[in-house]
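S.K.: Using the hints, position chain R against chain Y.
Chain order of the listed sequences is Y and R. Here my numbering is used: position 244 in the first sequence is 244, and no number is missing along the way. Here my numbering is used: position 191 in the second sequence is 191, and no number is missing along the way.
You may find that some hints are simply not true.
Given that identical chains are not distinguished, each listed pair holds provided it fits within a single copy or across any two copies.
[As the list claims (entries may be wrong)] For lysine to any residue, the following SDA-like pairs were computed, each having C-alpha atoms within a straight-line distance of at most 25 Å:
1. K320 with A308
2. K34 with S98
3. K34 with A51
4. K323 with T122
Hints in this document: simulated from the structure, not taken from any laboratory.
2 protein chains.
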Amino acid sequence: MNDKTLDVLAIGNAIVDVIADSDDAFLDACGVAKGSMRLIDLEEAERLYGAMGPGRELSGGSAANTVAGLAALGLKAAFIGQLADDQLGQIFTHDIRSLGVRFDTPARSGIGATARCLVLVTPDAQRTMNTFLGAAQVLGPEAVDPGRIAEAKILYLEGYLWDPGEPRAAMMKAMNAARDSGTRVAFTLSDSFVVDRHHADLQRLLDEGRIDILFANEAEVTRLAGTATFDAAVDAIAPKVSTLVATRSEHGAVACRDGGRASVPAEPIETLVDTTGAGDLFAAGFLAGEARGLNLEQSLKLGAICAAEVIQHYGARPEKDLKLLAGDLLS
Amino acid sequence: MNDKTLDVLAIGNAIVDVIADSDDAFLDACGVAKGSMRLIDLEEAERLYGAMGPGRELSGGSAANTVAGLAALGLKAAFIGQLADDQLGQIFTHDIRSLGVRFDTPARSGIGATARCLVLVTPDAQRTMNTFLGAAQVLGPEAVDPGRIAEAKILYLEGYLWDPGEPRAAMMKAMNAARDSGTRVAFTLSDSFVVDRHHADLQRLLDEGRIDILFANEAEVTRLAGTATFDAAVDAIAPKVSTLVATRSEHGAVACRDGGRASVPAEPIETLVDTTGAGDLFAAGFLAGEARGLNLEQSLKLGAICAAEVIQHYGARPEKDLKLLAGDLLS
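So that you can see chain Y by itself, here it is in the shape it has in the complex:
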């Protein structure tokens, strides 16, 4: 695979986050569950935006945050995602390119506005996400160039995008191209609702061996396995996928491969500010380790380091020098 000039190519939602401080009373009044992600339409987006406090706008999107982390770690990354031809689209494009990520999916007009996620951060640093997908959900197969997929060591797919039809077709096309070109496929389940709505699809993808690396948090992996406990879920899913990475927030993470198993505790932090992006940056660290040929435990450690950085400030992309934080692991 000496022809792989890219470490990771990711396909995901191209989203600008609008981050506001909030409190439990506001979440209750809006009827949203703390810590959850829900999809909202334009009308609800405008209603909620009108009611919430002042925002900080920061580029986001789950897989986009992951490639931002990969670039910050010094890896070569590319991103595919759909923007509208508007100011938020310009902001997203600027931010991701300025990190050195290759991004050239053309913005389209006539498909609504660029996606935004209204992120309500409570004093306990939990984030509650209200996502208006807009343009992001019409990413189609035409945006996927099999030649570009072939350039990447790893194709990383955002589970959120399995929900709408066009992006699902785009990701199927990308998975086929990956299989044809010896590119490993990584998939993040993204959210319990993805597991619930697409359980059969996900089982089929696993059964057909289409996923090489599966990322899941505790809620997602137990939902996928249909078990009561995290450990039982990991035991049930691990045999079905080459590499399983299961994260548990402050309780660390485990990875399973070929009957082997590694685990790491969460990295110590000084101040928990905003958990947005924790899973995305964990994936960045782990994928960086995989692309550089580290062992399971080292890759998990790198994931934990990146996640710890991003939860200590607002926003879902790294602010500190991740290469420095990674130290010997990536030197």
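M.R.: Quick look at chain R alone, frame taken from chain Y:
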């Protein structure tokens, strides 16, 4: 003046800040002086934006930051400023209204984009501002309702807006309305370039007694007075205006009124992050004190408290509870 239902009405640039980490080498390469503010055209804005790192978008604008601070202190504030009919304009409108500030200047189309300020923050927490004024500079007299001016105890004018012609006419109209209705006029010099370009105008405004409260930092007051030292400048300007407030960053601030003089040191801080908005929030604290009838020293102290809060995080608007920080001063 029992009919004054507003504490402060401000007229200023309606701007969204785009804040990015930077370093001295980048500033040198761009040929911009650290700590300065310069006006740039659309072409330069696009060139600089393309070269700089990822941004955080936060509503800004000097006088708008001041009214945001006033609202956070619990005062009744209103704002007049010109936006374009675009997404950045929607962001500015949302943010200022969500703070409880009255803002109803209609956005206009066909006047270019909403203003933005590309703020480069160096590791020493200095901010270097590159402002594309766009729609903000076509604020015209029609946006000023004399009835609204009459409702305010204090009219606060942003010196930056003295530069373009239409807003200058709008501010003259507002000053006339203020004089007719017993509303005090506060004016901030904003930047040395304003003093240099409009020295004669400013002298005339002072000579005619049109300014009741003048805000200036060290560079501005010495430029206005044409003296070598801060103290000499304060001595020269103080007799020309009812109230002079002169700020000196980490060296505190002084205020002069009726031959009397008060001063405060800067408030202690933990970590200096981004000095953007320091002057704006100092003005907010001082004006809050004036509107509530505090003495000079108390108003200065409140200014110093608000400035200290805003320089300890990114962005030019308060994040912590200013009322709590103000403590007994505003109770």
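S.K.: Each hint should be assessed against the structure and marked as holding or not.
M.R.: We went through each hint and held it up to the structure:
In the homo-oligomer, the alpha carbons of K320 and A308 lie at most 25 Å apart both inside one protomer (11 Å) and across protomers (24 Å), since each shortest distance falls under that limit. For the identical chains of this complex, K34 and S98 are inter-copy neighbours only, at 22 Å across copies versus 33 Å inside a copy, given an alpha-carbon limit of 25 Å. In this assembly of identical chains, K34 and A51 lie within 25 Å of each other by CA distance solely inside one copy; the values are 17 Å within and 38 Å between copies. Taking the shortest alpha-carbon separations for K323 and T122, only the inter-copy value of 20 Å comes in at or below 25 Å, while the best intra-copy value is 30 Å.
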